[in-house]
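S.K.: Here the protein sequences line up with chains E and W, keeping their order. The first sequence runs contiguously to residue 289 in the working numbering. The second sequence runs contiguously to residue 718 in the working numbering.
By construction, these hints were calculated from the structure, which means they are not laboratory data. It should be emphasised that the depicted structure is a prediction, and the values quoted were computed from it without experimental measurement. Check before you lean on any hint, since a few could be wrong.
[To be verified] Below, simulated EDC-like cross-link-like pairs (lysine to aspartate or glutamate); rule was C-alpha separation at most 16 Å, straight line:
1) 216/E / 361/W
2) 216/E / 501/W
3) 45/E / 144/E
4) 206/E / 361/W
5) 224/E / 87/E
6) 216/E / 345/W
7) 605/W / 234/E
8) 221/E / 346/W
9) 58/E / 31/E
10) 221/E / 664/W
11) 206/E / 395/W
12) 128/E / 234/E
13) 526/W / 501/W
14) 45/E / 249/E
[Stated by the list, open to error] Chain E side only, calculated, beta carbon under 7 Å to chain W, not exhaustive:
15) 207
16) 213
17) 248
18) 268
Every residue, glycine too, gets a C-beta built ideally from N, C-alpha and C.
Listed below are the residues making up each chain.
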Amino acid sequence: MELKIAVCIKSVPDPAYYDKITIDAKTKCLTRKGVPSIIGKGDKVALEQALKLKEKYGGKVTVIGMAPPEARFEMKETLAMGADEALLLSDRLFAGADTLATAYTLAQGLKKMGSFDLVLTGTESADGATAQVPAQLGECLSMAHLWNVKQFSLLSDNEIQATVGLEHAVAEYIVCLPAVLGIARDAGKPRYITASGIKAANCKTCKVMGNAELQAEENRLGETGSPTWPGDITIPSMKRQGRVLEGSPDVIVEALTAALRVAGINIQRKAV
Amino acid sequence: MSMFVFTEEQQLLRKAVREFVEAEIAPHAKRWDEENHCPIELFPELGRLGMIGTFVPECYGGVGMGYIERVICLEELARHSAGLAITIMAHQLCMGGILLFGSEEQKQKYLPDMATGKKVGALSLTEAIGGSNFMGQQSTGMQQDGKWLLNGRKCFITNAHLADVDLWTVVTGKNARGRSVLTAFLMDKDTQGRMPGRAEHKLGMRSSNTGDISCVNVELDESHILEKEGSGAKIALSTIQEVGRAGMSAICLGILRGCLEESLEFSKERMIYGKPLHKLINIQFSLAENRLDYESARLLTYRAAGMKDAGEPCAGEFALAKYAATEGAIRAAKRTIDLMGGYGVINEYPVGRFLRDALTGSTAGGTSDVLKVVIAAESLK
Ligand SMILES: Cc1cc2nc3c(=O)[nH]c(=O)nc-3n(C[C@H](O)[C@H](O)[C@H](O)COP(=O)(O)OP(=O)(O)OC[C@H]3O[C@@H](n4cnc5c(N)ncnc54)[C@H](O)[C@@H]3O)c2cc1C
Ligand SMILES: Cc1cc2nc3c(=O)[nH]c(=O)nc-3n(C[C@H](O)[C@H](O)[C@H](O)COP(=O)(O)OP(=O)(O)OC[C@H]3O[C@@H](n4cnc5c(N)ncnc54)[C@H](O)[C@@H]3O)c2cc1C
């Protein structure tokens with residue numbers, strides 16, 4: 018059996034440069050000038066799962082991203098890692114998208130690329146981290162969707178078994194294909210890119226598509242299509258008041274632990 | 338690379354190698370240095386990733402990229418472990434000799450395993466009489482009963498105790514002017530009479546293996562000769578000049594970048610007089626000088642590598658690059674130690690290792706004095 022797998026890859030600011038990122042007070046947008054972009058680790062883990070499936074069952078891995086044109090470099094990186102083709106959705110009309118508009122645009126892109134058995138995403142992106150896109154994408158594509166998938170395997174041509182991490186438990190699912198799976202960050206270690214992989218990427222296609230070709234409904238794109246608007250941005254006050262405790266060490270310890278408990282920190286007395 | 342701009346492919350290669358090195362090499366480099374351990378066990382993985390056979394054509398198991406890409410890989414590796422980088426570099430010298438001068442049969446026999454890191458190579462030129470006095474070498478090869486009989490001792494050989502394939506030069510006669518005629522031979526690790534001797538306890542590059550190798554009545558047939566009888570000097574010189582010096586320049590570039598990054602980080606974090614250290618003007622001068630040493634060596638090295646890829650003669654350019662990179666690395670490491678005050682000599686920080694590695698690497702592939710002689714000769718042409 019051959020699997021057609023799509024992987025959603027978001028180009029995010031390199032965490033090593035987080036101190037250089039500022040927020041424009043007027044537009045409430047991130048100012049990312051001079052900050053290089055990378056593929057979030059979680060998305061690389063999703064790509065790794067797709068590549069492993071392809072190695073096992075054969076098929077094709079398609080990568081899709083919505084980002085400014087510079088993200089072609091990150092798309093190329095996914096091709097060097099082993100993906101077969103890439104589609105970068107890039108247009109000023111897509112800018113300022115919230116998660117709903119993002120999911121809609123990605124879904125339109127995926128439809129343009131054909132049909133897929135599996136669509137893999139990260140569980141949450143490395144920057145926005147709303148974790149909403151996987152479910153929204155599933156809805157846009159009318160596919161079953163799971164989130165925080167720790168591991169999964171194919172049961173048959175059209176069914177998978179998946180383990181989903183919950184806060185204090187795991188849940189087992191059997192899901193019919195096609196499906197969207199938000200892959201957990203710790204679901205595996207992404208492979209290193211090889212020099213031969215980089216050479217091979219030269220022969221693969223990375224298509225950059227704007228809305229002229231995508232033909233998505235304009236009122237559902239970018240800022241226009243986004244019902245979520247950033248509210249006020251304030252920096253929380255980190256001011257603290259110092260308090261000096263007095264007395265013998267025992268008294269101070271008692272007073273300190275009592276104050277910490279009041280502040281909501283659960284300190285337990287350890288039996289000596 | 339067009340002049341001074343890396344291609345997308347080269348940028349991607351650097352990013353990929355850096356990611357690997359930061360995750361898998363950097364955390365161990367200090368321990369390897371302290372334990373005198375050469376991590377040769379990583380060779381198959383490094384080979385698979387393409388960091389060893391970078392410039393070897395695909396038909397011989399390599400990646401089929403060029404010398405700029407080789408420099409990128411070595412620079413990134415040496416940023417965290419110059420010792421591992423020189424291990425690969427010396428191995429590539431042996432591969433380079435085979436690639437440039439080997440017969441088709443020799444290439445097919447050796448290169449696929451070497452390019453993928455399954456076998457390790459060494460290039461054995463230097464002798465006790467003086468590495469700079471290359472033509473004065475005394476190891477001999479004599480014909481006897483249709484075989485060649487090799488005798489002699491090489492010293493300071495990288496990978497002496499690790500190599501599966503060893504490329505030697507020996508004196509096989511004299512020419513009409515009484516000068517030595519050298520011939521290059523390839524021999525396998527277990528060849529009878531070939532024996533690694535002492536392993537050196539070095540100041541730096543301690544995660545590489547350096548030592549003696551002796552040949553006592555080693556018998557080899559004609560098939561072990563590289564190119565032909567009498568080609569030894571040409572093979573050794575072109576390998577050293579255009580593969581060896583390129584490699585050492587790349588390694589010192591890695592050390593230089595290490596010095597630059599460490600000095601920037603330290604001077605931002607270290608508070609003195611209630612302010613970051615870099616507020617002092619003399620510290621800014623040190624940072625600027627570290628940057629200048631790195632950038633100038635970088636330009637010279639990648640320029641020379643670009644010329645090599647374009648098939649242009651570049652021995653002089655590599656001599657310039659190696660001089661700038663090795664001397665620059667020594668200066669920058671000492672300067673960074675000074676900038677850090679007492680912390681500079683504490684081994685938790687890597688700069689002490691950078692200085693030891695830079696000092697050790699400056700000799701390999703030709704001393705700075707010898708390079709100046711080469712540069713002057715090129716300029717006087
Ligand atoms: C700091 C910050 C806060 C934000 N807060 C909100 C908010 O509260 N509400 C809101 O609607 N929007 C918010 N956004 C905007 C939001 O990040 C973008 O709309 C984004 O395109 C999708 O949301 P996400 O990054 O949270 O995705 P998530 O849902 O966290 O991402 C999960 C996975 O979906 C895939 N994916 C997500 N975006 C893309 C893409 N562009 N291309 C390809 N694959 C993708 C990736 O595989 C990713 O791992 C915020 C952005 C930032 C930077
Ligand atoms: C870490 C390391 C790894 C090495 N790896 C290898 C290897 O893999 N294979 C290999 O064959 N060799 C290797 N070498 C040897 C290296 O190539 C020699 O050390 C180098 O060629 C210098 O030779 P020497 O040490 O005998 O010094 P000498 O040649 O004895 O030099 C002594 C001094 O005399 C000066 N000098 C000599 N001749 C001249 C001249 N003509 N003009 C001006 N000054 C001169 C030199 O600059 C130096 O200051 C390695 C060395 C080191 C340190």
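S.K.: Looking at the structure, which of the earlier hints fail to hold?
M.R.: As far as the earlier hints go, 1, 2, 7, 10, 11, 15, 17, 18 are violated by this structure, in ascending order.
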